[in-house]
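*Asks:* Sequence:
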Amino acid sequence: MSSAPSSPSSDGPVPPPPGSALDARMTARAAEVLSRPQQRRGLARIVPFLGPAVIASIAYMDPGNFATNIQGGAQFGYTLLWVILAANLMAMLIQNLSAKLGIATGKNLPEVIRERWPRPLVWLYWIQAEVVAMATDLAEFLGAALAIHLLTGLPMFWGAVITAVLTFALLTLQKRGFRPLEIAILGFVLVIGVAYLVQVLIARPGAEALRGFIPSFRGPESVYLAVGIIGATVMPHVIYLHSALTQGRIPTRTDEEKVRLSRLNRIDVLLAMGFAGLINMSMLAVSAATFHGKGVADAGSLETAYRTLTPLLGPAAAVAFAIALLASGLSSSAVGTMAGQVIMQGFVSFGIPIWLRRTITMLPAFAVILAGMDPTSTLVLSQVVLSFGVPFALLPLLLFTAGRDVMGVLTSRPVISGLGWLFAAIIIGLNGYLLWGALRG
Numbered sequence: 001m002s003s004a005p006s007s008p009s010s011d012g013p014v015p016p017p018p019g020s021a022l023d024a025r026m027t028a029r030a031a032e033v034l035s036r037p038q039q040r041r042g043l044a045r046i047v048p049f050l051g052p053a054v055i056a057s058i059a060y061m062d063p064g065n066f067a068t069n070i071q072g073g074a075q076f077g078y079t080l081l082w083v084i085l086a087a088n089l090m091a092m093l094i095q096n097l098s099a100k101l102g103i104a105t106g107k108n109l110p111e112v113i114r115e116r117w118p119r120p121l122v123w124l125y126w127i128q129a130e131v132v133a134m135a136t137d138l139a140e141f142l143g144a145a146l147a148i149h150l151l152t153g154l155p156m157f158w159g160a161v162i163t164a165v166l167t168f169a170l171l172t173l174q175k176r177g178f179r180p181l182e183i184a185i186l187g188f189v190l191v192i193g194v195a196y197l198v199q200v201l202i203a204r205p206g207a208e209a210l211r212g213f214i215p216s217f218r219g220p221e222s223v224y225l226a227v228g229i230i231g232a233t234v235m236p237h238v239i240y241l242h243s244a245l246t247q248g249r250i251p252t253r254t255d256e257e258k259v260r261l262s263r264l265n266r267i268d269v270l271l272a273m274g275f276a277g278l279i280n281m282s283m284l285a286v287s288a289a290t291f292h293g294k295g296v297a298d299a300g301s302l303e304t305a306y307r308t309l310t311p312l313l314g315p316a317a318a319v320a321f322a323i324a325l326l327a328s329g330l331s332s333s334a335v336g337t338m339a340g341q342v343i344m345q346g347f348v349s350f351g352i353p354i355w356l357r358r359t360i361t362m363l364p365a366f367a368v369i370l371a372g373m374d375p376t377s378t379l380v381l382s383q384v385v386l387s388f389g390v391p392f393a394l395l396p397l398l399l400f401t402a403g404r405d406v407m408g409v410l411t412s413r414p415v416i417s418g419l420g421w422l423f424a425a426i427i428i429g430l431n432g433y434l435l436w437g438a439l440r441g
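Position 337 of the sequence shown, counted from 1, bears residue number 337 in full-length UniProt numbering, the numbering being contiguous throughout.
Keep in mind that the hints are not guaranteed to be accurate.
Said to hold, decoys possible - Using C-beta positions, here's what the derived DEER-type ranges look like:
hint, residue 1, residue 2, range
1, 124, 432, 13 to 23 Å
2, 221, 316, 37 to 47 Å
3, 415, 294, 29 to 39 Å
4, 158, 307, 30 to 40 Å
5, 154, 350, 53 to 63 Å
6, 356, 377, 39 to 49 Å
7, 119, 311, 53 to 63 Å
Keep in mind that the hints were calculated from the coordinates and are not lab data.
Glycine included, every Cβ here is placed at the ideal spot set by N, Cα and C.
Use the sequences and the hints to build the structure in full.
*Replies:* Okay, structure coming up:
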């Protein structure tokens with residue numbers, strides 16, 4: 001996933017990074033496009049550069065998104081659609097900056113922080129990033145286990161065991177290079193997309209959904225859910241991960257090639273994040289059309305939502321919902337483990353076997369299941385924890401990507417940095433409001 005920074009020298013071709021034969025072919029095609037951009041047009045020009053944002057995007061469709069979006073739609077109708085749109089626009093800019101950092105420096109964000117900041121601050125960052133990673137993994141693992149429980153009737157505990165086995169199997173693709181894993185994650189993304197297309201066609205949200213794009217809140221609880229939606233959409237762990245997915249993936253030899261690579265990578269971000277945004281809006285809209293104002297008790301619960309979909313919309317909608325949740329949980333759990341690797345290796349230059357990390361990070365989910373805690377409430381709470389981790393990842397990203405000594409020709413323009421700081425201020429402001437409300441009861 002990571003490699004040494006590419007050299008700007010033009011003395012001969014840069015060898016492709018180790019990986020599968022598919023990786024080598026994609027790298028060769030990418031090198032041809034970068035060195036001779038006029039030779040390829042259309043889809044053939046773009047395909048070699050698609051992938052990193054697809055992996056990052058799965059974190060924007062994880063079970064935490066299901067929990068916050070379904071609760072938001074069931075309780076407040078279409079009111080919070082504008083929050084999802086705003087959060088997705090933030091995510092596009094932020095993920096593009098993270099990817100650009102990896103291209104410009106050949107390092108990921110935790111590595112840059114470790115190199116440039118004081119050691120005590122680096123350790124503080126590592127600890128909070130690990131807490132965020134654990135909150136992420138809790139949501140993803142619980143979601144997949146719940147989906148297996150809903151589809152098969154197995155107890156949650158055995159759903160969690162099956163989730164662990166399937167996630168381990170998915171993570172073995174890392175050993176085969178970057179392209180096989182990117183294709184596998186793309187498959188999960190398409191499954192989620194088709195499942196929600198089915199639900200939208202069945203639920204048929206009305207034209208009144210358009211009013212949901214007018215900014216408004218409906219009391220403190222809607223603000224709590226809005227913060228959860230932002231935490232589930234602007235995911236701090238993939239801010240760290242995306243820079244690792246692009247560092248050294250496509251070697252560059254000149255500044256001109258870096259600029260071209262960054263532009264092509266932007267297409268990857270826009271496509272992947274745009275699709276993730278549509279899925280999130282579909283989640284909330286389907287929930288609003290199906291449950292809001294229908295007198296369904298506890299409709300915001302994922303399990304209740306599944307049970308209620310059959311009498312309201314038919315069994316196809318319920319099965320599509322559970323399949324989407326399963327695809328989301330399995331793929332995002334694997335991506336969360338990858339992010340945990342990047343966080344530990346980047347901040348403290350220390351790594352553990354991936355199977356050990358996967359085992360450790362799934363223990364909190366087993367504890368929640370054995371304690372009998374409500375999965376949906378736990379998922380929503382985990383997303384609020386994630387939202388508090390966003391500024392920690394976002395602030396250094398904005399500082400570094402605005403510095404010419406770090407980014408060189410890929411230094412962010414002032415307007416982009418300004419938008420980034422505006423987004424950071426919005427997120428921090430929402431978190432402050434949430435804390436103030438909690439302290440006042």
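*Asks:* With reference to the structure, classify each hint as holding or not holding.
*Replies:* The hints, checked one at a time:
1. Taking the beta carbon of each, residue 124 and residue 432 are about 20 Å apart, inside 13 to 23 Å as hinted.
2. A hinted range of 37 to 47 Å is violated for the C-beta pair residue 221 and residue 316, which are about 32 Å apart.
3. For the pair residue 415 and residue 294, the beta carbons lie near 45 Å from each other, so the given range of 29 to 39 Å is not met.
4. Distance hint check for residue 158 and residue 307: the Cβ-Cβ separation is about 19 Å, which falls outside the suggested range of 30 to 40 Å.
5. Between residue 154 and residue 350 the CB atoms are about 37 Å apart, so this pair departs from the stated range of 53 to 63 Å.
6. Look at residue 356 against residue 377: about 29 Å separates their beta carbons, and that is not inside 39 to 49 Å.
7. Separated by about 59 Å at the C-beta atoms, residue 119 and residue 311 satisfy the suggested range of 53 to 63 Å.
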